[in-house]
Amino acid sequence: MSVPDRTRLPIRRPPFGGVSNKTLAGSGPDWDLIGHPVPPAGSPNVLLVLIDDAGFGNPSTFGGPISTPNYARMAEGGLRYNRFHVTALCSPTRAALLTGRNSHTVGFGSVGEFAGGFPGYSATLPRDCAPLPRILRDNGYSTAAFGKWHLTPDGQQGPAGPFDRWPNGWGFDYFYGFLGGGASQWDPCLAENQKIIGTAAEYYDQENPYYFPDAMADKTIEWLHGVRAQDARKPFFIYFSTGCSHAPHHVAKAWADKYTGRFDQGWDRLREETFARQKALGVIPADAELTPRNEAFPAWDDVPSHLKSFYARQMEVYAGYSENADHNVGRVIDAIEELGELGNTLIIWIWGDNGASMEGTITGSFNECTMQNGIPLTDEMQLQLTERYGGIEAWGGELMDPHYGAAWAWAGNTPFQWGKQVGSHLGGNRNPMVICWPERVTGTGGLRSQFTHVIDVAPTILDVAGIPVPSSVDGIEQEPMHGVTFTGTLTDPGAPEHRTQQYFETIGNRAMYKDGWWLAIRTPRIPWVITPEALKPYAPGVWDPDADPAELYYLPDDFSQAHDLAADHPEKVAELKELFWAEAERYQVLPLLATLSTFFGMVPPLPAEARFEFRGDVQNVLSGMIPRIYNHSYAISADLVVPAQGAEGVIVAEADHLGGFSLWVDGGRLTHTYSMMGVFIYRQQAEERLPAGEVTVRMEFAADAPKPATGGEVTLFINDRPVGKGRMDHTVPIRFSGYAGMDIGRDNGGVVDRSYEDRKPFPFTGTIKKVTFDVKPHLTGEDEQELHVAAHHGHAAHALAQ
Amino acid sequence: MKLDDETTDVLIGGYLSKEAADDDYDAVLACGGYLHGAVVVAKDLQGNLSVEQTDHMVREGAAGLGAVGFVVGLFAPPLLAATAIGAAMGAGVGKLLHHRTASKLEEQAGATIPIGGAGLIVAYPHSAAGKVEPAVTRAINKVVGEAEGHHVQALKGAIADAQQKMADSGA
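First to last, the protein sequences are chains A and B.
The opening residue of the first sequence carries number 1 in our numbering; numbering runs sequentially from there.
The opening residue of the second sequence carries number 1 in our numbering; numbering runs sequentially from there.
Keep in mind that a hint or two might mislead.
In silico DMTMM-like links for lysine to aspartate or glutamate, alpha-carbon gap of 25 Å or less [to be verified]:
(1) LYS142/B - ASP302/A
(2) LYS234/A - ASP32/A
(3) LYS308/A - ASP161/B
(4) LYS142/B - ASP379/A
The set of hints was computed from the structure by calculation and includes no laboratory data.
The whole structure should be built from the sequences, with the hints applied where relevant.
Okay, here's the thing in structure tokens:
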């Protein structure tokens, strides 16, 4: 058999090695023709695990307070890496991880929800950057991804695709998970391969309720068993990307209760405790210093005493949620071990993609989307809303979409400053990594401190598999991978530094690393503050990035970035600034987008469609793809056939009680329920019952004014006759939900109106012929444009929090 | 103490949860100040209304606080008033005030308490303010109205004053 050329993919079919005569007489077959590409001999299985929204100081394996026995097991049998770097945002890290290239180069300078009109921000993978799963698959690996994806543009997550932006299009044979940036762990709107399959059937099982992390592990093991049932030797590549520890922080109470009382000391003390453990473990240098608390975070001592238990529970739930992730990764590892294949399985386990998230604001939130919709809530308000949905003991349960307070995230990023979104500092850029490969790693239990970046992972996997980075894929010449293999560190603690230079950039926060020096330039906006006032300084023509204050650190002597040396080394600051701009140009970082500045005056065209029709029982329309009814007058009408005995059930519903709407029939009466993020809930009901036969029903919302979150009047109609009315003082300005979908004829998953919870999904018992959304324009084009810009800001803010 | 002995105060508190309103209701009852009456009204997530009240007003012969329509306007949603995105607050509050002459407590509360919300009304002589008002610690929005006069007229006046202040605070 000839050696295939793996530099050009797909691998060309081998030349026919047999003989073909006029008949079989004298002909000789070449059985290799019906084979398939196989990886080089000895290529290992690969399990790549990525935990979400977690920090360097979270897992106990790195000194944190969260028990991670499986992570520790892998570290003891493998290696800890304490200078591993990511980008400070979800999608960019994932794109870099799976392509081996800098995120901007592959279109993911920002997140999948926000596909902008510049090459570095298109959220669209270029064809000259074939990703790792595609390369492995074409070389003979079985490939599968489970969990969070977050690499498909927001408006392309339905049956129309295009599917080259879905996991299968990236080279995964199989996908089970969710496409967005976050999801409920109780009722996620799931995708399987190229279909949105919605809420799992087990969600409705009261005795054994569905839980996504458990299902992820179940599906992974099921897939693995299926592959092995067919082929005992074909290596696999599993990308196990947990929804944990991203909000909503959902976990069963028993997991959270394991941490009862463990955080009563508060975040200031927790950082000190974690720091001490990190030193004792040796995962940070003995001379490392604990960076001080920025004034953006409150001191624990200043938290009112009656609210401390509320705050402490937020972290207890986060910890239980994270430990559960460790547990489920452990189940997958156990399954591999049970197959007898752990020895030749390369396990790369990265604990966090961007540091811990501070997007819960100072207070934490019962509903993560309140921040994204610009609804400021005090901690007392948050507590009361928490009480409304079951109390602090129910934080983590199905009735809330919680996110802890920002200071807990800061503590999770110990010993560093800041966290997610802050691409200038290590709190957002440095996360733990563990590598275990029993047959190859030597010096197990050791520590590696080479400066390593997420773009180095793919080249390393290819390197150990003996597979070259292809120069051509589908006839398209390829951009070389920017990452560099760090295979040498697997066996040599003294392996030379393979990476001496790297830029970092996340929404204007930026850094330039070179030969130990780290230039940090942070825009002053606080990550959880997205008010127009906070954004205005970064508008085009206003912001001068070269005027931003710069900090300088020398990491070999200062592990945690505790000493700013900028004033002492102005020449180094200038050198690294210049280098950053050069790297920014080289890797498509430009135009530099400070915070959300791209959206001042650079918004997409106004939507062309204002009328949307849904026929049949269309279900699970993802939240980013529903008609944009926000901040406008609109009407929802439905053509129904009501049987003689009457009808009830949901005509159309979006999301759930924490933000959404439902047009439904209750006891024969047309009813409209609207949840303004679970803070305000409005309900209007017809004063008469629906007649039998063909009926047209309609709800109309007449907005007060062309402004975000406008109030307005609701009128219900039956056959064009008004039959009910009511007022909604506040409406949702940006987006109802980060994950929950819209359904015709039922309300899948968590319901909008809790009064039909016991009948969920409460399917309509008549016939729905058509549901139509008609979004009304405001009076002037100027109003429309202003609203469009405001909505665009909001959508971007939402996206960044995913 | 009779209702017409001195200035009557009415405190109105708005809440996002029944639990918070209950906490303040209990605190008011335990504060040691003389009360003409206290009522907590809440609506759960299914839309069911619950009302709990003391019987002080009945024993004082004031025909019950509910009889004078004081629950109206007790929950003027204030949350978005301070936000950058703004909200239409005035219209809703005005509408609530328009209904203040209604008489049945539960009907009024049903119309004005939002789903998931709660309200607390406490009526007391002004001399008890130093004990009553500090006991109300969890209200999202809290106002105190006052009026002088006789019996029910004083109470109505204090309620109207409180409601106006509530409207002003939310607008």
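Consistency of the hints with the structure:
{"no.": "1", "hint": "LYS142/B - ASP302/A", "result": "holds, 24 Å"}
{"no.": "2", "hint": "LYS234/A - ASP32/A", "result": "holds, 16 Å"}
{"no.": "3", "hint": "LYS308/A - ASP161/B", "result": "violated, 36 Å"}
{"no.": "4", "hint": "LYS142/B - ASP379/A", "result": "holds, 17 Å"}
When the structure is compared with the earlier hints, a violation turns up for hint 3 alone.
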